[in-house]
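*Asks:* Protein sequence lines correspond, in order, to chains E and F. As numbered in the working numbering, residues 1 to 64 make up the first sequence, in order. As numbered in the working numbering, residues 65 to 205 make up the second sequence, in order.
Source of the hints: derived by calculation from the structure; they are not laboratory data. Be aware that a few hints might be false.
No more than 25 Å apart at the CA atoms, straight line, and that leaves these computed lysine-lysine pairs for BS3-like [to be verified]:
#1 E:Lys8 <-> F:Lys169
#2 F:Lys84 <-> E:Lys8
#3 E:Lys8 <-> E:Lys18
#4 F:Lys84 <-> F:Lys169
#5 E:Lys52 <-> F:Lys84
Pulled from the structure, derived: some chain E residues nowhere near chain F, Cβ distances all over 12 Å [stated by the list, open to error]:
#6 Met1
#7 Ala2
#8 Ser14
#9 Leu15
Partial list, derived from the structure: chain F residues whose beta carbon lies under 7 Å from chain E [stated by the list, open to error]:
#10 Val150
#11 Thr154
#12 Ala155
#13 Ala158
By construction, the Cβ of each residue, glycine as well, lies at the ideal position given by its N, Cα and C atoms.
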Amino acid sequence: MALVNTTKGEMDDSLLEKREGDVDNDNEYTTWVEYWLDGELVHRSVHVQLKKSVGLTATTASFE
Amino acid sequence: MGELMTATHNFTTGTGNTFKAALFLASATYNASTTAYSTTGEVTGTNYTAGGVTITNGTSPTATNSSTTAGVAYWTPTASFTYTNVTLTTAFDAVLIYNSSASNKAVSVHTFGSQTVTAGTFTLTMPSNTTTTALIRLATT
């Protein structure tokens with residue numbers, strides 16, 4: 001048993017339907033978890049793991 | 065590039081500038097011409113504070129160089145960006161890193177798949193701080 005923060009306050013997770021998913025591509029690895037109550041979304045959390053950097057390339061230059 | 069020439073952004077741990085991370089709607093416009101933070105297009109919702117969260121900077125930038133290889137300077141925040149117990153019902157897909165010590169000038173924009181959050185936490189975890197994967201890299205060729 002665990003308590004989940006929802007739009008209706010903290011609820012026992014045993015009362016909720018749990019749905020999970022993920023996306024994995026070159027840019028990110030993302031996971032999410034949703035809790036539903038009688039067909040209504042009452043909680044959704046998301047974790048995004050960034051994989052790519054922002055790069056700036058210069059020519060004929062060097063860093064010391 | 066011009067802000068490099070004027071040393072606008074100082075990522076030094078402790079004595080450097082303060083950087084923040086704000087979330088932006090999927091419908092917002094942001095690109096290389098985004099020069100500063102603005103509330104236009106920023107997410108709004110329960111427990112989200114305009115301007116976003118302050119970035120943890122526990123490691124100063126690292127630079128590598130030699131006579132035979134290209135040089136790389138790189139930096140990555142040392143903690144995830146966490147937006148706790150928020151409700152953001154309009155889809156968002158980007159985070160803007162900006163320098164709150166320098167007139168909120170933009171540093172970088174990072175995009176991801178469009179998301180919403182309901183009475184939950186949104187966490188954005190950084191890539192590894194290496195020459196090839198650091199969040200921000202400046203390289204010579």
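*Asks:* Against this structure, judge whether each hint is valid.
*Replies:* Each hint, compared with the structure:
This hinted pair does not check out: Lys8 of chain E and Lys169 of chain F have alpha carbons roughly 39 Å apart, beyond 25 Å. Straight-line distance between C-alpha atoms of Lys84 of chain F and Lys8 of chain E comes to about 31 Å, which puts the hinted pair past the 25 Å bound. This hinted pair checks out: Lys8 of chain E and Lys18 of chain E have alpha carbons roughly 16 Å apart, not beyond 25 Å. Taking the CA atoms of Lys84 of chain F and Lys169 of chain F, the gap is about 10 Å. The hint holds against a cut of 25 Å.
Restraint check: the Cα-Cα separation between Lys52 of chain E and Lys84 of chain F comes to about 19 Å, which is no more than 25 Å; the hinted pair holds. The Cβ of Met1 of chain E lies farther than 12 Å from every Cβ of chain F, with a closest approach of about 19 Å, so its non-interface assignment holds. Every CB of chain F is more than 12 Å from the CB of Ala2 of chain E (nearest about 14 Å), matching its label as outside the interface. Every C-beta of chain F lies more than 12 Å from that of Ser14 of chain E, the closest at about 18 Å, which supports listing it as non-interface.
For Leu15 of chain E, the shortest C-beta to C-beta distance to chain F comes to about 15 Å, beyond the 12 Å cut-off, and the non-interface label holds. Restraint check, Val150 of chain F versus chain E: the minimum CB separation of about 9 Å is more than 7 Å; hint violated. Nearest Cβ of chain E to the Cβ of Thr154 of chain F: about 13 Å, over the 7 Å cut. The hint is violated. Interface hint at Ala155 of chain F: violated, since its Cβ lies 11 Å from the closest Cβ of chain E, which is beyond the 7 Å cut-off.
Taking 7 Å as the C-beta contact cut-off toward chain E, the hint placing Ala158 of chain F at the interface is violated, the least distance being around 11 Å.
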